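There are 6 protein chains.
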Amino acid sequence: MSEQHLRPSPISATVDFEAEGVQHGFLRLPYSRDDSAWGSVMIPITVIKNGEGPTALLTGGNHGDEYEGPIALFDLARTLGPDAMTGRVIIVPAMNYPAFTAGTRTSPIDKGNMNRSFPGRPDGTVTEKIADYFQRVLLPLADIVLDFHSGGKTLDFLPFCAAHILPDKEQEARAFELVKAFGAPWSMKMLEIDAVGMYDTAAEEMGKVFITTELGGGGTATARSAGIAKRGVRNVLRAAGILKGAVETSKTEWLDMPDGDCFSFAEDGGLIEPLVDLGDKVRKDDLVARIYPIGRTGAEPVAIKAKMDGLLAARHFPGLVKQGDCVAVVAV
Amino acid sequence: MSEQHLRPSPISATVDFEAEGVQHGFLRLPYSRDDSAWGSVMIPITVIKNGEGPTALLTGGNHGDEYEGPIALFDLARTLGPDAMTGRVIIVPAMNYPAFTAGTRTSPIDKGNMNRSFPGRPDGTVTEKIADYFQRVLLPLADIVLDFHSGGKTLDFLPFCAAHILPDKEQEARAFELVKAFGAPWSMKMLEIDAVGMYDTAAEEMGKVFITTELGGGGTATARSAGIAKRGVRNVLRAAGILKGAVETSKTEWLDMPDGDCFSFAEDGGLIEPLVDLGDKVRKDDLVARIYPIGRTGAEPVAIKAKMDGLLAARHFPGLVKQGDCVAVVAV
Amino acid sequence: MSEQHLRPSPISATVDFEAEGVQHGFLRLPYSRDDSAWGSVMIPITVIKNGEGPTALLTGGNHGDEYEGPIALFDLARTLGPDAMTGRVIIVPAMNYPAFTAGTRTSPIDKGNMNRSFPGRPDGTVTEKIADYFQRVLLPLADIVLDFHSGGKTLDFLPFCAAHILPDKEQEARAFELVKAFGAPWSMKMLEIDAVGMYDTAAEEMGKVFITTELGGGGTATARSAGIAKRGVRNVLRAAGILKGAVETSKTEWLDMPDGDCFSFAEDGGLIEPLVDLGDKVRKDDLVARIYPIGRTGAEPVAIKAKMDGLLAARHFPGLVKQGDCVAVVAV
Amino acid sequence: MSEQHLRPSPISATVDFEAEGVQHGFLRLPYSRDDSAWGSVMIPITVIKNGEGPTALLTGGNHGDEYEGPIALFDLARTLGPDAMTGRVIIVPAMNYPAFTAGTRTSPIDKGNMNRSFPGRPDGTVTEKIADYFQRVLLPLADIVLDFHSGGKTLDFLPFCAAHILPDKEQEARAFELVKAFGAPWSMKMLEIDAVGMYDTAAEEMGKVFITTELGGGGTATARSAGIAKRGVRNVLRAAGILKGAVETSKTEWLDMPDGDCFSFAEDGGLIEPLVDLGDKVRKDDLVARIYPIGRTGAEPVAIKAKMDGLLAARHFPGLVKQGDCVAVVAV
Amino acid sequence: MSEQHLRPSPISATVDFEAEGVQHGFLRLPYSRDDSAWGSVMIPITVIKNGEGPTALLTGGNHGDEYEGPIALFDLARTLGPDAMTGRVIIVPAMNYPAFTAGTRTSPIDKGNMNRSFPGRPDGTVTEKIADYFQRVLLPLADIVLDFHSGGKTLDFLPFCAAHILPDKEQEARAFELVKAFGAPWSMKMLEIDAVGMYDTAAEEMGKVFITTELGGGGTATARSAGIAKRGVRNVLRAAGILKGAVETSKTEWLDMPDGDCFSFAEDGGLIEPLVDLGDKVRKDDLVARIYPIGRTGAEPVAIKAKMDGLLAARHFPGLVKQGDCVAVVAV
Amino acid sequence: MSEQHLRPSPISATVDFEAEGVQHGFLRLPYSRDDSAWGSVMIPITVIKNGEGPTALLTGGNHGDEYEGPIALFDLARTLGPDAMTGRVIIVPAMNYPAFTAGTRTSPIDKGNMNRSFPGRPDGTVTEKIADYFQRVLLPLADIVLDFHSGGKTLDFLPFCAAHILPDKEQEARAFELVKAFGAPWSMKMLEIDAVGMYDTAAEEMGKVFITTELGGGGTATARSAGIAKRGVRNVLRAAGILKGAVETSKTEWLDMPDGDCFSFAEDGGLIEPLVDLGDKVRKDDLVARIYPIGRTGAEPVAIKAKMDGLLAARHFPGLVKQGDCVAVVAV
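Line by line, the protein sequences are chains A, B, C, D, E and F.
Quick note on the numbering used here: the first sequence kicks off at 2 and runs consecutively.
Quick note on the numbering used here: the second sequence kicks off at 2 and runs consecutively.
Quick note on the numbering used here: the third sequence kicks off at 2 and runs consecutively.
Quick note on the numbering used here: the fourth sequence kicks off at 2 and runs consecutively.
Quick note on the numbering used here: the fifth sequence kicks off at 2 and runs consecutively.
Quick note on the numbering used here: the sixth sequence kicks off at 2 and runs consecutively.
With the rest of the complex left out, here is chain A (with noise of 0.2 Å):
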């Protein structure tokens, strides 16, 4: 179905997104449930607005386990005024607003990956209905995209920032000045291959310059990855020529996850060992992990090995694992 036949979003915002100066207010949701027959989700929202010039979207929380983009969203609502810069900036510091309150990656309502649920639909779940939202209203106000992403209560990742690697290649060359510009430890160059549903996919498709990044995970922050994150968004800012100097410049490692090969699976669930740590180099047939079976002492433990040379990326988080569940992550 055309997007101009549907019918309108029913969220409404609180704030106008064409005024000057710094408006803090709500995306308001009708959302009618057996606790609250006329209740609504409100998705916090700030826009500064400063003259002509470009438009920023910045979003967190599109899972809401991951709390860089947050923390670093809410102080730049709160910090950022209009004098500093030129443009729009539009805040969403947690997108699945009901999932950033339960803590969760999925919304406790409808069980939505935000992530999952582009373009979203006005008449399907609140998840949906946010997605539809993005899709129809915010993401065409927009010029650049920086959607912050981390690992989650289940997942741990090296800090980088990426962008995906796109067939327009203009489009594809001004995301990964972004990123460059973001200046995280470790940057990445991104070929999805199950783009279905993304937010990435939403925004690139319209043209829409995007970066995105992993800066962590457990479900937790620390003052050395949120301040990776504060000082990004600004950078981003100030190479988009919103935020008004120059931008502070460090040093990044670029990684790539050439294939599946990058990824180790847990066929048998138990408690894990890991034995190498997020950054440690590996050679192929390392071992990374091993896997107790829980229910007795003595038993053999499952071997996990890197199936090719590089360094960890990525690891899963909690220390108990799951049947299915990913281990690891080497990046070249």
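There could be a bad hint or two in this list.
One copy or two, it doesn't matter: identical chains are merged, so the pair holds either way.
Only pairs whose alpha carbons sit at most 35 Å apart, straight line, appear in this in silico DSBU-like list of lysine-lysine [stated by the list, open to error]:
no., residue 1, residue 2
1, K285, K209
2, K282, K252
3, K190, K252
4, K282, K231
5, K282, K245
6, K231, K170
7, K285, K252
8, K323, K112
9, K245, K306
10, K306, K285
11, K181, K282
12, K209, K306
13, K245, K112
14, K170, K323
15, K285, K308
Read the hints as simulated data drawn from the structure, not as lab findings.
On a predicted model such as this, the values are computed, not experimentally measured, just so you know.
Following the hints, put chains B, C, D, E and F in place on chain A, whose structure we already have.
Structure of chains B, C, D, E and F alone, referenced to chain A:
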């Protein structure tokens, strides 16, 4: 009620504590419930014995979401041969086994916090029955006791080994010898203010040499933290004259937590922005974290400050903090 | 997809809609699930017929926590004899029967809000299957349709009967005649802004004369509100020429809810202190409620003000309010 | 066990009960659990003191779904200045704070009914720890005690203030003076048949002047019922000589509940049709309600009759009734 | 604490145990909770009395998922007239009524296992309050006690009636006379190893003649097993001289469970393949079942062997088995 | 939408369907969720191939609480060597693997009933993704398909093998040859009235020879019923020319379920007293069960009667019955 009047423990062991060699078995605790009328909790246990000598009782999983201990003990149970030792080693890698299999601090059956359940009761909850079995069967067999802890899913600690300041100074001195032998990067002298119900207290009141650890947290383990645990337990067995060979010495830094000013609590829930990382130095009145109200952007965060000079020894782990949570612990 | 291509409804009725006399039976909807492989939902239904004449379709429990309708209809089904009437009355006192038995607004099976599920689907959720049966079987049998609502557990309303402003003015006029006959203390002309998925719309688009009510709320009924419902339904049947005898006239006051300024929403959750009761007059900018943050004493409450002159027609019911809840509705 | 042998309460107050002026703070109760190893329950408290004089202990939220008390006390804590008074006022608006935040009668942590948990235990459940703190710390500080109740989510009451018939007639007389000063529309003399575990009994056994209320119910408050509470608490403080100024007198009607015949219970669950409203007069054998079986239409409802002459003082609130529920209370 | 110092039971009966004729009523146990502040548990009871003679106390639903007893007792309560008997019959078809209505072994309210809750407590959990009422009110009224059991949802038994080996040999002999009269296909002499908390023990310690049954299981009943129960209870009443007429004799086979080798437990969970059915003969070391690990195909199943010669008297019922479950019971 | 336009299945197999010999592996289905961001469902699969010949696709666990199929297939996967056969056998013992591990009819992830989910969707729920993989990958590989069913936790069946009456009489004849070879005690010709969404229909519409079974129920298996399954699957492979050797012939009785009068449904919930067992003969109007209302003793039970002559082929299993449940099925 004096212990000799208690009914016998309902727990039966499938291992013989007096037999020579390696035995892997279970502590079987009958547990009748809706989904198994004649079911049991089966707690894995290993006993390794070689002739006469002291007995070490080694435990992990006192809290079910702390992983360095279980990793070191599943490993030790699988690899320690009787020929390498003299005396007896009793290994229970997951003391609160129902909590360990659920990945939770407390038991999913009765919400029992094992370390507040001593001396337990033979006719109490499942957690109290396990505590009673340690109190009346296992602790009396032991000379030295090592109980592994970490921060679990909601706290993160600098890795340290610790013992208590005790009225019996000889008992205390022997414990600190083992702490030193353990060889964690940090070591701590603890003065327990409220020791009621603790396994530590139960062991110490019987005159056992008792040491414990905090080796990280967040509900995960790293190669580094698991390595500290694996090396530490073998060092302790060597220092106790059970395992052959010399202690692998390493440098440790001593910490102290003098009083209640070490702890900072959150009076408000929200999104926590850490401003100091574990091991960082802080001075009195330094900001250690900010807590953002998550209901709206633009609101002022609450400042959490250090109440004394020192270094950050522990911190709240999840990205969201609840009213009343301990946010930071400063040690000197 | 046009309706004639839909597969038949899986629901079967144990009553014969064409038979004379009183029949009490069920709409049986097969519902296979974990606790009953070959189970069914059994929706009680009564059909009373006496010769030729118009058909009234009377429904309660569209939302499962609204009680005036079910009380009036269980009473009517038990006491209405065919001799007292001409034509046919079809009574479904608990349309969303799973929600009604659970005492919840939406279905506990699928969280379906019946009044947003039309036209339904024969191969959809349980709620959608019920909607489809009304859409394709029951509504086509009806000439007039009365659907009872109240505020449910989370809202409280002044008792009123209502009909919609419609493009077909004759259809509209006939509906307002029935509203007048119903004889509630208040009556309302409604202009539905977002009518997608409503039972009301489904009925009106088939040209049926449709009226509805809001008769109180809070998840209870009183002798007074149940009395309004019982008297109202008999008056409607009299006005429609089905029940013999004259309408018992009573005075009603007409209300109007002109636009979105009628509604006040909470941007913050907390303890609500109502300052105005239902039916009280308010002027623009009058305080209608305060919301106290519950985390601490001494903090300033948030003020909720009327946005227009009028009287309080509906209010949030529970003592605690959630962010995004509708707090008050002012009518003129 | 005599109280002096009990271990100290684990609760610590952030306020100083002996300090002059207004303090808003917390009773902090450590509560270690799966989602916060070092978490706490933070119960808001306000202490206002001005020189020497009697101490009033004012509590709401003994049951967590009763709102007139918390509204009056959050309001009083925010607006009462020390200059307007002499002596001391201790305000705990939400005694069972976990229940209050959950909007439930009992604690979501341990299902504890605060008013059946006295004298509590320092090593018991969270609810018992709070009761113990009132028993051993707060009640001994008080001269007069006012504990607010309402019907909660499942009962609805005529608004009344009450005190108990006591063996010490002077204590009793002083209590009824305060009841009269409170000035609710109804007042009641209560003879508690089973007083074990009640806060009332704990206070009275210490010789305190204790009064309580029932001010409505249904899990909501109205402007009217909240107004009764706000006026009543100030009147009580005036009558006690703490708050300056004269009692605002108002007319009250005295009620009595002589014996078990006041109560009607449901032997069958179903849909309840109330036939009498609160305050209506009833005579012995009058129908007060019908209970319809909800499984089918056409079945005969069960009749609930008054067992004595009087007026309806309380009633079951939800639209569905469960087997064994109290349906109606008649007072004389 | 001696029983005479206990507070009275909170349970009140709506029947008069001394009245002649048939009475159907309730044991009403007040149970205040979130969804009913003044709610009760209503346990159905029937008392049938005709002149002087012995009293039989007949109970089912001690465990809530065992059905032969409730079927026989609901039938008996409905069909037994006082003219057919002499003395008194007290029938409680569903002793743990909350468990029975939930279809679970233990109470959904407090997880209480009725048969481990004696002597109960008047101020304990709901289950303990019921046990206390049997201990102090109903058992003292009885001469003979028949308590029906079956395997419940997780066990399946050969149908047998049983009594205990007792120190008082006359009491024992009278019990085995009733077992013989019951006339189940199998009969058993039981030596209870751990009798603490059982209803059986409570009755026997008062000198009552106590018999019990296991009549099948799996959470169902068959026409055959229900028939055994219905015939058995009438036979017992005849043998006790209460019901008129002669015992319907039938052949029974006597079983014995000599020691712990009767029981086989699973050390590993998985899919169970039974190799022997109830009543089949087994020899020591025969395979009785295999347990397949379900995580992968091709893995070796664990063998469960008989530890003695005999026949299979009971077995684990569900298709999946959990670590620690009893898999099979062999009797001789 | 035609199938060739669907996106590829997200499921990847770790086995090669064209390789010779025995392979045990998994169908890996990525499943991102709160407790594993990069998790997967791992469905065990075995492929055994020896040269050219027909392919049999053998499935159990279509419903997760039916055990004869999984037992026979875990056994076959472990014991069938390629030398004993010609062609290919694909074994998926637990088709709806999440349901099987939970022991539930439907998937705990999405409540999906696998046998109503065909043809599935590659971008649907987990259950729909599995169905889609069978629809587009596994079924096309097969010549004959055997799908094991039993009654599950809530139904019990006489053990039979069955095939459908089909428009293609040659396809139908080949199916009934396999039914006969299977050799269950009973065999059935089925005419499916509502075949939408079934695996059966999906297979038959591709022209595959499809047979199925009902082999007992109640959520358990017996040595007898598991033996029927184990012998049956090998017989079918022999009859299909895949497994070497002759079919082990055994006597079967043919059943027929002609119309809706086979089924009796409960209009009231309660305690069910079965009066006829599986396989017993019944005549029209015979009582097959009574349903006792459980709220009180002495009330009249509801009678359930046979609507035709025949024998009891299936019955409701749990001791309590819910309104709308199928109570009994009579076959001829």
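Treating 35 Å as the Cα threshold, decide for K231 and K170: within, between, both or neither.
within (28 Å within a copy, 51 Å between copies)
Identical-chain pair category, K282 with K231, by Cα at 35 Å
Classified as both: same-chain Cα gap 28 Å, cross-chain 22 Å, threshold 35 Å.
Is it within a copy, between copies, both, or neither that the alpha carbon of K285 lies no farther than 35 Å from that of K308?
within (5 Å within a copy, 49 Å between copies)
Within a copy, between copies, both or neither: where do K282 and K252 come within 35 Å Cα-Cα?
For K282 and K252, both the intra-copy (19 Å) and inter-copy (26 Å) Cα distances are at most 35 Å.
Evaluate K170 and K323 at a C-alpha cut-off of 35 Å and name the case that applies: within, between, both or neither.
neither (40 Å within a copy, 46 Å between copies)
As a check of your reading, is K282 near K245 (CA-CA no more than 35 Å) within one copy, between copies, both or neither?
Only across copies: K282 and K245 sit 34 Å apart there, 39 Å inside one copy, limit 35 Å.
If the cut is 35 Å between Cα atoms, do K306 and K285 qualify within a copy, between copies, both or neither?
within (7 Å within a copy, 45 Å between copies)
How would you classify K323 and K112 at a CA-CA limit of 35 Å: within, between, both, or neither?
Close inside one copy (19 Å) and across copies (21 Å); limit 35 Å.
At 35 Å max between alpha carbons, let me know whether K209 reaches K306 within a copy, between copies, both or neither.
Answer is neither: 39 Å inside a copy and 42 Å across each miss the 35 Å cutoff.
Between K285 and K209, at a C-alpha cutoff of 35 Å, which is it: within one copy, between copies, both, or neither?
neither (38 Å within a copy, 45 Å between copies)
For the identical chains here, do K190 and K252 meet the 35 Å Cα criterion within one copy, between copies, both, or neither?
within (16 Å within a copy, 42 Å between copies)
When Cα atoms must be at most 35 Å apart, do K285 and K252 count as within-copy, between-copy, both, or neither?
Both. Shortest intra-copy (28 Å) and inter-copy (34 Å) distances satisfy the 35 Å Cα cut-off.
Consistency note: the structure conflicts with the earlier hints numbered 1, 12, 13, 14.
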